[in-house]
Amino acid sequence: MEHVVELKNVTKKFKGFSLKPINLQVRRGFVTGFIGANGAGKSTTIKMMMNLLKPDAGKVKLFGLDYQTHERAIKERIGFVYDGNVFYEGLNLKDIKRIVGPAYKRWDDKVFYRYVEQFELPLNKAIKTFSKGMQMKASLAIALSHHAELIIMDEPTAGLDPIFRRELLDLLQEIMLDGSRTIFFSTHITTDLDRIADYIAFINNGEMMFNQSIHDIAENYQLVKGGVDLLDRDTEKAFVHIHRTSTGFQALTDNIEAVKKTFGDSVVMERASLEDMMYYMKGGKQHVQFN
Amino acid sequence: MFNLIRRDLILQKWQLLIFIPIIMFFIIMDKHPALIFLVASILIPFNAYAYDEKAETNILLNSLPYTRVEIIASRYLGAIVYMGLAIGVTCLALVTFNKPFTMSDMAIGGGLFLWFASFTFPLFYIFKSGYISTVVLIGFLILAGVGPSVFMFIAENLPVINDFIVSLSVPTLYTGVAVLTLIIYSVSWGVTTIIYQRKVF
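If you read the sequences in order, they're chains A and B. Start counting the first sequence at 0; every next residue gets the next number (numbering that gives the first Met the number 0). Start counting the second sequence at 0; every next residue gets the next number (numbering that gives the first Met the number 0).
Treat the hints with care, as some may be off.
In silico contact screen, one side only, chain A against chain B (beta carbon under 8 Å); selected entries [what the hints assert, rightly or not]:
(1) LEU52
(2) ALA56
(3) GLN117
(4) TYR278
Listed next, the stretches of chain A that the computed footprint assigns to chain B, with coverage defined by at least 3 CB atoms under 8 Å from CB atoms of chain B [unchecked claim]:
(5) 40-51
(6) 208-219
(7) 239-249
The calculated EDC-like cross-link candidates involving lysine to aspartate or glutamate, where the alpha carbons are at most 16 Å apart (straight line), are [claimed, not checked]:
(8) A/LYS127 / B/GLU55
(9) B/LYS198 / A/ASP82
(10) A/LYS131 / A/ASP82
(11) B/LYS53 / A/ASP264
(12) A/LYS131 / A/ASP107
(13) B/LYS12 / A/ASP233
(14) A/LYS131 / A/GLU119
(15) B/LYS198 / B/ASP29
(16) A/LYS224 / A/GLU148
(17) A/LYS93 / A/ASP107
(18) B/LYS12 / A/ASP107
(19) B/LYS12 / B/GLU155
(20) A/LYS7 / A/GLU206
(21) A/LYS224 / A/GLU269
(22) A/LYS104 / A/GLU166
Hints are computed from structural coordinates only; laboratory data are not their basis. Backbone N, C-alpha and C define an ideal beta-carbon position, used for all residues, glycine too.
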């Protein structure tokens with residue numbers, strides 16, 4: 000089984016927001032970064048993966064199993080880290096371990112205490128006295144202590160300082176080393192991903208824009224800069240989005256060959272960062288807008 | 000499932016120490032033993048909801064390898080377990096203070112608790128979190144204050160019901176009430192499970 004998570008034509012409607020039919024596969028053994036602006040549907044998608052929300056239509060499968068019949072078996076194999084603290088804030092880490100640990104068949108006290116030591120977490124202090132970074136470390140220690148195959152994280156780096164973010168990313172890289180784990184994490188800080196992600200899934204306004212390897216993205220998308228006089232109704236078709244200024248235009252293309260053919264050397268082409276893509280695709284794919 | 004029930008003890012370990020003086024207070028105030036059994040039974044299960052009504056707790060429980068059916072089952076079974084424990088502790092306290100009590104006091108206290116639980120547990124999952132435990136506690140106090148006089152009123156003004164109850168033999172009456180209590184508790188359990196399965200977090 001190549002995919003640990005499979006969403007097929009999943010939809011969900013809320014007041015004022017809807018998830019369009021989403022198809023998403025998360026590959027086993029890799030880090031997939033899930034990006035999108037605030038409110039794009041990242042948390043909703045993650046909640047459906049965790050069965051905290053039920054989709055209106057479509058199928059959600061984890062490890063090839065569905066939640067209707069295999070809820071416990073699926074969750075045994077998932078470690079979760081959420082944006083905020085979900086643990087009883089008045090309890091200390093030792094008591095939280097007493098509550099969470101027995102829930103898992105494969106809970107491993109040794110691993111847990113090893114992480115507690117590595118992260119320098121106090122065992123007898125209430126979670127509410129922890130800093131944001133320490134809360135994140137505590138969640139991570141718990142998520143990693145039951146030999147989970149899939150680690151799902153919702154905005155784990157949000158609100159962390161840069162040094163701690165880097166530490167966290169290094170740690171994630173470390174836990175990927177044995178090759179048996181899969182990490183799926185959402186973020187809107189795209190620079191986190193350049194460092195560790197193998198695949199990027201991009202959601203925008205409730206719609207999946209792409210789910211490709213970092214390598215493919217670099218090959219498929221480029222930023223194009225040139226004079227405004229080069230643009231007309233036909234040439235614009237090669238771009239996802241165009242940003243015009245008085246000195247020229249900047250645009251994102253997913254059709255590099257066509258751009259090369261049309262413009263040749265009259266434009267400058269460079270690698271598009273994830274942030275560029277998020278910015279240019281904000282208005283929707285194949286939707287040329289003029290700013 | 001056992002872990003879910005045990006969780007309440009871990010969460011409330013310090014509060015448990017406060018519960019004993021509360022029971023003592025009722026005993027010293029010379030309250031009716033049935034009322035003391037009822038109050039003692041209510042403390043742990045309802046205090047647990049003060050933790051459970053938070054959205055984060057539900058996200059946590061539902062992310063762990065538990066099904067929603069199990070989470071609700073642990074509440075309903077846990078309430079019975081903690082009621083048993085509370086009744087045991089209260090018995091000890093009553094004996095220590097040399098206060099007489101009967102088996103029927105226990106049955107009335109336990110029975111009333113189950114009725115109260117049956118009607119209030121679903122509310123915790125229907126209403127928005129934050130206020131409901133306060134509402135239920137106030138509701139309990141009002142019921143405890145007004146309830147007896149309502150019963151007296153019914154007894155005096157509706158002789159049909161009164162006569163019917165009096166005409167039953169004691170074992171029939173007790174069995175009937177016990178069966179009715181169990182039915183109501185089970186229905187409440189089922190309803191809460193359905194509500195909880197539809198909830199989003």
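Checked hints:
1. LEU52: holds, 5 Å
2. ALA56: This hint is violated: A/ALA56 lies away from chain B, its Cβ roughly 16 Å from the closest one there, beyond 8 Å.
3. GLN117: The hint is violated - A/GLN117 has no Cβ within 8 Å of chain B, the shortest such distance being about 23 Å.
4. TYR278: violated, 31 Å
5. 40-51: holds (count 4)
6. 208-219: violated (count 0)
7. 239-249: With 0 residues closer than 8 Å to chain B, the region 239-249 of chain A misses the three-residue bar; violated.
8. A/LYS127 / B/GLU55: Judged against 16 Å, a Cα distance of about 13 Å means the pair holds.
9. B/LYS198 / A/ASP82: violated, 21 Å
10. A/LYS131 / A/ASP82: Measuring from Cα to Cα gives roughly 10 Å; hence the hint holds.
11. B/LYS53 / A/ASP264: violated, 60 Å
12. A/LYS131 / A/ASP107: violated, 25 Å
13. B/LYS12 / A/ASP233: Not OK: B/LYS12 and A/ASP233 at ~72 Å, beyond 16 Å, violated.
14. A/LYS131 / A/GLU119: holds, 14 Å
15. B/LYS198 / B/ASP29: Roughly 44 Å between the alpha carbons, so the hint for B/LYS198 and B/ASP29 is violated.
16. A/LYS224 / A/GLU148: Measuring from Cα to Cα gives roughly 43 Å; hence the hint is violated.
17. A/LYS93 / A/ASP107: This hinted pair holds, its Cα atoms lying about 14 Å apart.
18. B/LYS12 / A/ASP107: This hinted pair is violated, its Cα atoms lying about 25 Å apart.
19. B/LYS12 / B/GLU155: violated, 45 Å
20. A/LYS7 / A/GLU206: The hint holds at about 13 Å.
21. A/LYS224 / A/GLU269: holds, 8 Å
22. A/LYS104 / A/GLU166: violated, 29 Å
The structure fails to meet hints 2, 3, 4, 6, 7, 9, 11, 12, 13, 15, 16, 18, 19, 22 from the earlier list, while all remaining hints are met.
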